[in-house]
Each structure stands twice: as C-alpha cells, then as structure tokens.
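A.B. asks: Here is what each chain is made of, one letter per residue.
Protein chains: 2
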Amino acid sequence: MNAPYSNRQWFYVKRPTSRVGSEHYELRESEISGPLAANEVVVRARYISVDPYIRIQQHERNTYDVPHPLGIVQRSGVVGEVVESASPLFAKGDWVSAYSGWQLYARCHQSELTKLDPASAPVSTALGVLGMPGRIAWFGLMEAGRPRPGDTLVVSGAAGAVGSLVAQFGKKAGCKVVGIAGGPDKCRFLLDELKLDRAVDYREHKTHKDLTSTLIEATGGVDVYFDNVGGPITDAVIPLIKRRARIVICGAISQYDGGLDTPDMGPRFLQHMLFQRATIQGVLARDYINRMDEMVAQVAPWVKSGEIVFKETFVDGFEQLPAALNSLFEGGNIGKLLVRV
Amino acid sequence: MNAPYSNRQWFYVKRPTSRVGSEHYELRESEISGPLAANEVVVRARYISVDPYIRIQQHERNTYDVPHPLGIVQRSGVVGEVVESASPLFAKGDWVSAYSGWQLYARCHQSELTKLDPASAPVSTALGVLGMPGRIAWFGLMEAGRPRPGDTLVVSGAAGAVGSLVAQFGKKAGCKVVGIAGGPDKCRFLLDELKLDRAVDYREHKTHKDLTSTLIEATGGVDVYFDNVGGPITDAVIPLIKRRARIVICGAISQYDGGLDTPDMGPRFLQHMLFQRATIQGVLARDYINRMDEMVAQVAPWVKSGEIVFKETFVDGFEQLPAALNSLFEGGNIGKLLVRV
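From first to last, the protein sequence lines are chains A and B.
Here the first sequence is numbered in the UniProt record's numbering, starting from 1 and rising by one per residue.
Here the second sequence is numbered in the UniProt record's numbering, starting from 1 and rising by one per residue.
It is possible that some hints are incorrect.
Okay, the calculated beta carbon distance ranges per label pair [said to hold, decoys possible]:
1) B:206 <-> A:143: 39 to 45 angstroms
2) A:329 <-> B:286: 41 to 47 angstroms
3) B:75 <-> A:265: 33 to 39 angstroms
4) A:203 <-> B:192: 56 to 62 angstroms
5) A:220 <-> B:60: 17 to 23 angstroms
6) B:264 <-> A:17: 26 to 32 angstroms
7) A:257 <-> B:216: 57 to 63 angstroms
Cross-link-like lysine to any residue pairs, in silico, SDA-like; alpha carbons within 20 angstroms at most [stated by the list, open to error]:
8) A:242 <-> B:261
9) A:209 <-> B:265
10) B:14 <-> B:69
11) A:209 <-> B:259
12) A:242 <-> B:286
13) B:171 <-> B:311
14) A:304 <-> A:123
15) A:209 <-> B:311
16) A:242 <-> B:66
17) A:209 <-> B:261
18) B:209 <-> A:265
19) B:14 <-> B:72
20) B:242 <-> A:60
21) A:195 <-> A:304
22) A:242 <-> B:64
23) A:242 <-> B:62
24) B:242 <-> A:286
Hints listed in this document are in silico derivations from the structure and should not be mistaken for laboratory results.
Heads up, the beta-carbon is just placed ideally off N, CA and C, and yes, glycines get one too.
Working from the sequences, and respecting the hints, build out all of it.
C.D. replies: Listed below in structure tokens is the structure:
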C-alpha cells in the first residue's frame, strides 16, 4: 500500500428500541496499511447510503434477515473511488459501488465491487435510481403491482427514494398517479417536478375520516397501492381498493421504530381483500438482484434523457451518519438521502 | 298447473346489526297456482342452504355485492324436485339445484336450473362438496394457495363446509395439514375422519401467546394459510408464515356480525408480508362459476370413491332457517349445514 489511510468507522454497538441515534453507534478511528492481497482493492467512500431497511435489521428478532450483528461496522451501500488496487479489473481513480458500510476506507475483494461509469450517470445514482431503490421501485411496481393504462395508482411515501420513482414509473405505464406525502414542500415536489395527478398531504388530515374523504375524492378508488409506510395511511387506502386491486408492500416505515417487535393495533381489513378479490404482496429489493441489468437497461436511458426525475438530498460529513439515518423516520428528506463523506 | 301449492317463504325484512335471527325475517304463506309459462318449472325445495356469505350481504354497505334487498325472499342455494314442468329439459321428479332462496316452492325458468344425477352422488352435495363450497375450496387452495408437496398448510375453520374440503385437498396435494377448529368434537373429526396431521382447538387457548406457542409447535412455520375466520386466529397464524407463503382469504366469519361496518382492531402484520415476500389473496366462489365443470371432474370421482369425506349436518324444518343461519356464527356445525324441508 502506498500510504496508510486514516480510517473512520461507525460501529453498531447497541440495539435501539425506538428512534435510532448516535448513542447506538461508536465512531472509531484506525489506520489501513500493509500489503494488498491478490485482487484486493482499497476504496475511499464518497457517498454512503442511509436506508429505512437498516432500521429493520436493528431489531433483535429475525425479520427478513438475522439481526445486524452488534460490534461491527454498520452495513450499507457505498459509492467510492479506488485508491489502491491489486486487481486487474480496477485501477486507481475508478468509481465503484460496494456494500462496504459506514467507513471511509474499505479493503474489498474485487468481486465485491461494481464499476460505475461517471459519463453515463452521476455515480451517486448507483445508490438511488440506478441502484437498490430503483430496482425495487421498478420490479415491485411492474411485477407485483401490474399497472395497466388508466389504473389509479396510489403511492405512499411518494416523495421518498423509492416512492418518487414508483410514482413516475406509474405515469409512464399510463396510470393516474396519486402521491401521499407529508408537508407542502413534498406535495409541491410531487405535482411540480414529478407531474403527478394528485398529491395528498397526510399531515393536513387529523383524522382517519378526513384522510379517507380526501383519498376518495382524489382517487375515485384504487387499482394499485404501492405502500412504503404502513400504519394509519395504509388504513385509509385499503378500504378504497377496487376489484382485483394489487397492494404492494415495499415498506412499513411507520412501524420500524417499535412496531416490529410489539405490533401496533390497527383496524382489520382482510375482508376488503375478500370483497374485491385483491392481492397483497410483499416485495424486497434483494429478490431482484439477479435482474439488475434488466432494470438498468430500462431506466438508465430515462435518467440520461431527463424523463425520470431523481432527486437526491445530501448531508455532508461522515459524523452525520446516525443522525441522517434517524432523519428518514422524521420524514425530512425528499428523494434519496445520501451522506457525502 | 295441476295443483295449487301451499308455499312458505322467509322474507328478509330487517338488517341485523349483530347476530341474525328470526326477528330479521317474516314467514309468509301463499299459494302457487295458475298456468305455467313456456319453459317454466315449479321446484319443491328439499334442501336449503345456509352459508356465511348470506350474513355479509345483510350489511347496509356494499361488500362484494350490493346489499341484499329488504322485503324479498332470502336468497340462497336450494336442491329440490321438479313438481311441474313446461320445459322440454325437465320432467316431474327430476332433482335440480337452483338459487331460489328460502321458500318451499319456486317458479323457475328452465335456465335457472341445473339437473342433478342422484345415482352419481347424493343430491345434497350440490350445495356442498360438489357445489359452491367445493368450488371455492378447490380453486382457492389450488390456484391462490398453490400447495406443493411437503408444504405446511394451515386451515382455519377446518371443520366447516369449505375448510374440511380444503384440508383434504391439501392432503391430496402432499401437504402437512394443520386444522384449526373450536372444540374437541371438531378436532376429533379433523384427526379421525379427515386424517389431518394436527388439529388445534383454538378454544383451549385463552391468550394469543398460548395459541401462538401451540401453532409454532404444530406447524414449524406456515407455507399456505387458508383462512375462513379472520380475527384473533389469523393474528396468531400470520406471524408464523415462511418465505413466499401464500395466504388465501376465503372468509372472515369472526367479523361478519359487526366488524364489516365498524372494523375490529387487531395487531398490524403487513411487515410480515415484506419480510417473507408473502402474498395475501382474497378469493370468492363466484369467480370460478365458469369453471364448475373442471372442479366437478376432479372432485366427483373422489366423492364417489370415498376418498373425500363430505360431512353434512342437517337441521329439519323450514321454520328453522333463521336459527340455522345464526348457528353458523356460533360454530355448532361440522361440515356443510343444510336445512331439510
């Protein structure tokens, strides 16, 4: 190695029971040095991803994975630059994506890296529209949601990393798209930038009945519901489904703080599935990893041509990572939230 | 017409808000007489069906249908004998099934009748295993449940008209079948007559935790859940689903009394759909009417050979119809409940 590198790492050390914060992490400093193994690469992170699923994995019980172990660097997606390489596939200065977690520097085997082409799209999109969020937005909507021209698609968390893409893919599929989001800024984004048909600000509605009335008026009934949030918003949408509606469960961010261990109570709704012969399907991005190329082939041209808006919100500073993760649950960000380091 | 017939009819006159009983009906007597129209047939009912869906249609709001109108004869399936016929297709003495409702005699157009062959199966099976309950048991399990050999299938309401068939179809498909029912008689029926792998008596379990423990032990995880009941039993099953589980919502009998208008509260569970990438699908018998022949071709030979047990419970007396309908919600019957008139 040409130089020792001063590394900074966020270790995950304590399970949160409600909100996550810096008290659940330890910031450690160390040095990376010594000879590289064959095909080893050192990557300097530039964009580190914070995603809602990280909070799911912090629970003590199994969810779709075993719990994230304590005492190791917080796992996450990263985009960075190659600073050292003993691999024939990567050269110094190459941009790559990796799953190397919350650390400035990582020693990676070449097989863990995907090379990025900065000329074809901003490299940060590998963590957003051309990465995991884009993948589940695309396959979740197209394969589980099965949108048809003229369908009414409702998207919760519509200003978020996944929701904002789902909403636009729905427009491309010929749907009438109603986005649900919290606050006037997000709703303006849905209408002005994403060009959705309607935006519903759930924060303006204090009761289930109010939200229901607005949703009835805005949708006229729901053919496809792409759900990122769960909880009271989903309570209001499900009774509005139409015959053979498809409900896609991509996230339940309202429940991640505590509700996964001790479920919240909510109104029962399975009778609506019966009345409407509707379908609920849970989808996870990892199930489509082997079809990443297919998604990119479809979506990258739209990104390049500007037909798809991919909004990114950047937080600067490695030390901000725990706070940035928590901010996802406060609903502050529009589009994909990234920490620039 | 050769004779005037003394008809008795149960008119549906008042919407129940909780349990249904004779106060929601009026028993009226009248005479059927006069000339038959071309292709008209008079049918004398012998078996009248009471089914849980009848209670759904009594609600004031639309469910999968507009509400059952007040002031008309209660609709239901019937098996009876032809007593007069001006149709070339039916002769006096023929057995037929019809949707002629709670009345002793009905004037029917020939197109409303299906001829039954008493030599091939007891005619009452046209209201059970070879009728609507058999149809939704077969298609609901095979098409929405997609059982695979070795899967663990859990059936709620397993001693009922639909559940008892689903459980047996599941055994034929090579599943391990765990039936849930209320009371020792039903559980003995599940084990001794239906030969299920396990029977769980939910009434023996006073808490969610108790029922959960027993279900974990009995199932080891659930691949297919065929739900006829909803409510607390379903609350206990859903968290036990395995990867890519299929949940079939065929009924929610625990909710029909009042919960369809004002939903009960229950624990949220959509996160499990996400973790397990599972599917919930609501199914309704009417959606498979055009495939009735396909079901009968498959199931009738099993009925004839005795490979499928079809239990029937008979209540005698036309005047018993409202009470028989209500008894479905008290869980008294095993198999298909029929009123013999």
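A.B. asks: Which hints from the list above does the structure break, by number from lowest to highest?
C.D. replies: As far as the earlier hints go, 7, 15 are violated by this structure, in ascending order.
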